[in-house]
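> Full structure from sequences and hints, please.
Listed here are the chains, written in short residue letters.
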Amino acid sequence: MKTEDLVTMLATGLEAVDSKHAPIRQMGALGAAGACSVAFVALALGVNPRLAAAVIAPDFWLREAFCASLALLGFALALRLARPGMALGILPAGMTLIVLGMWIVASASLGSLAPEARSRAVFGATAAVCPWLIAVTAAPLLLALLWMLRGLAPTRLRLSGAIAGFAAGAMGAFAYTLHCPELAPAFVAVWYVLGMLIPAAAGALLAPRLLRW
Amino acid sequence: MLKGLQAFRSSAVTAGRCAANSLESVQRTQEERLQGLLLAGLGGDSGAYHLFLTDLTTFLRGFLRRRLASLPEEVEDLLQELLLAIHNQRHTYRSDQPLTAWVRAIARYKLIDLLRRRARTTLLHDPIEDDDPLCVAADAEAAEASYDLAKLLCELPERQRLPIQYVKIDGDSVADVARRTGMSESAVKVGIHRGLKALAAKIQCMA
Chain C
1 MKTEDLVTML ATGLEAVDSK HAPIRQMGAL GAAGACSVAF VALALGVNPR
51 LAAAVIAPDF WLREAFCASL ALLGFALALR LARPGMALGI LPAGMTLIVL
101 GMWIVASASL GSLAPEARSR AVFGATAAVC PWLIAVTAAP LLLALLWMLR
151 GLAPTRLRLS GAIAGFAAGA MGAFAYTLHC PELAPAFVAV WYVLGMLIPA
201 AAGALLAPRL LRW
Chain D
1 MLKGLQAFRS SAVTAGRCAA NSLESVQRTQ EERLQGLLLA GLGGDSGAYH
51 LFLTDLTTFL RGFLRRRLAS LPEEVEDLLQ ELLLAIHNQR HTYRSDQPLT
101 AWVRAIARYK LIDLLRRRAR TTLLHDPIED DDPLCVAADA EAAEASYDLA
151 KLLCELPERQ RLPIQYVKID GDSVADVARR TGMSESAVKV GIHRGLKALA
201 AKIQCMA
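Top line first, the protein sequences correspond to chains C and D.
Residue numbers for the first sequence follow the numbering used here, so the first one is 1 and each next one is one higher.
Residue numbers for the second sequence follow the numbering used here, so the first one is 1 and each next one is one higher.
Simulated from the structure, these hints should not be mistaken for laboratory data.
Please read all numbers here as calculations on a predicted model, not as lab measurements.
Backbone N, C-alpha and C define an ideal beta-carbon position, used for all residues, glycine too.
Watch out, some of these pointers could steer you wrong.
To be verified - These stretches of chain D come out as covered by chain C in the derived footprint (C-beta under 8 Å, 3 or more residues): (1) 28-35; (2) 47-53; (3) 64-72; (4) 77-90; (5) 107-117; (6) 165-176.
Said to hold, decoys possible - Listed next, the in silico DSBU-like pairs over lysine-lysine satisfying Cα-Cα at most 35 Å (straight line): (7) D:K202 with D:K151; (8) D:K202 with C:K2; (9) D:K151 with D:K189; (10) C:K2 with D:K197; (11) C:K2 with D:K189; (12) D:K151 with D:K197; (13) D:K189 with D:K202; (14) C:K2 with D:K151.
Printed below as a string of structure tokens:
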């Protein structure tokens, strides 16, 4: 087939396309994945019995804001990466600042503690399981996000997969806060970030295969 | 004399600036024109979309010729793969984004994908013959790819092949084809959409 015949073929019988709402079609899948994650945390792990008391602590809201803002920015960044040639704007810097800010708050809070209390603040009681539970909680979200990206056209596959994974990790971490009894900024700054990096690594590994078009 | 030289210099600088400005404005009007055509195409305007793809073909052929100077036989293959990819991904274009950036990002992605594929299949060790400049066709000239899309089309399942054959090649309306094949109109549209994606995947596997 000659190239000009291909052009004619592609232009013939053309259907209108809605480019503004292209990713919205898969929002349902993301919503379902989010419901799975919340159900996993609430039913399999159990809601933190001291949640009601924790809600008045500023550290509780710092943790929620940390996860939610990373989830939102990561999601927005993944969608930008999924459109060819789209400028990334301030999103990468914004995400970096949020993580750095958390680390600064965490070091400051450690500095104000007595030396013998510091290791307790960093490790809490659940450091060994926290990153893994966040990763498991994020798994359905990662699949939904990758599926969403498959419907678009990412041109930097590994980076897109990593950012999708990180966003899924942040969403998973947000859901995990229903269960997690740890509020210390130092704990969140280390183990939550690690928990987000596990799906990010998984996304980077899977993306070249799953997202290729 | 010094004054004359300065005047000459400054006029040369102005002329240079004017040339740069007019080149920029030509590029800008070209960008605006192509964007207008694509947006009309996204709205379903076949004629505008045909013009868009035709202009894009000329631009992309030049783009690929420059970058595949040592692999001239790949240019037309990749060009057709690119056109199909751009068509299949046209829903990812946003009107608030420069069209050139979008097209270039897709072209670069497909170019790298091709080079990776070739590296993997060790075709890079093929003897590369010297280009005979007389044989290099003009960028606007219609050319054929080494694979035949029409043949690849035959490999598709019927629910994709028939809608593409009737609607995209014979030019029948979706409603007509739905009536003739007994498929629903949305099944015909889905068949076209999936079939073109499947074609793109087949080309990708072959190279």
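> Decide, hint by hint, whether the structure agrees.
A quick look at each hint next to the structure:
1. 28-35: Per the Cβ count (0), the hint is violated.
2. 47-53: holds (count 4)
3. 64-72: Coverage by chain C is violated for the stretch 64-72 of chain D (0 residues, Cβ < 8 Å).
4. 77-90: With 9 residues in contact (Cβ-Cβ under 8 Å with chain C), the coverage given for the stretch 77-90 of chain D holds.
5. 107-117: Since 3 is at least three, the answer is holds.
6. 165-176: holds (count 7)
7. D:K202 with D:K151: 11 Å, holds
8. D:K202 with C:K2: 17 Å, holds
9. D:K151 with D:K189: 21 Å, holds
10. C:K2 with D:K197: 19 Å, holds
11. C:K2 with D:K189: 24 Å, holds
12. D:K151 with D:K197: 15 Å, holds
13. D:K189 with D:K202: Given that 35 Å is the threshold and the Cα spacing comes to 20 Å, the pair holds.
14. C:K2 with D:K151: 13 Å, holds
Violation of the numbered hints given earlier is confined to hints 1 and 3; the remaining hints are satisfied by the structure.
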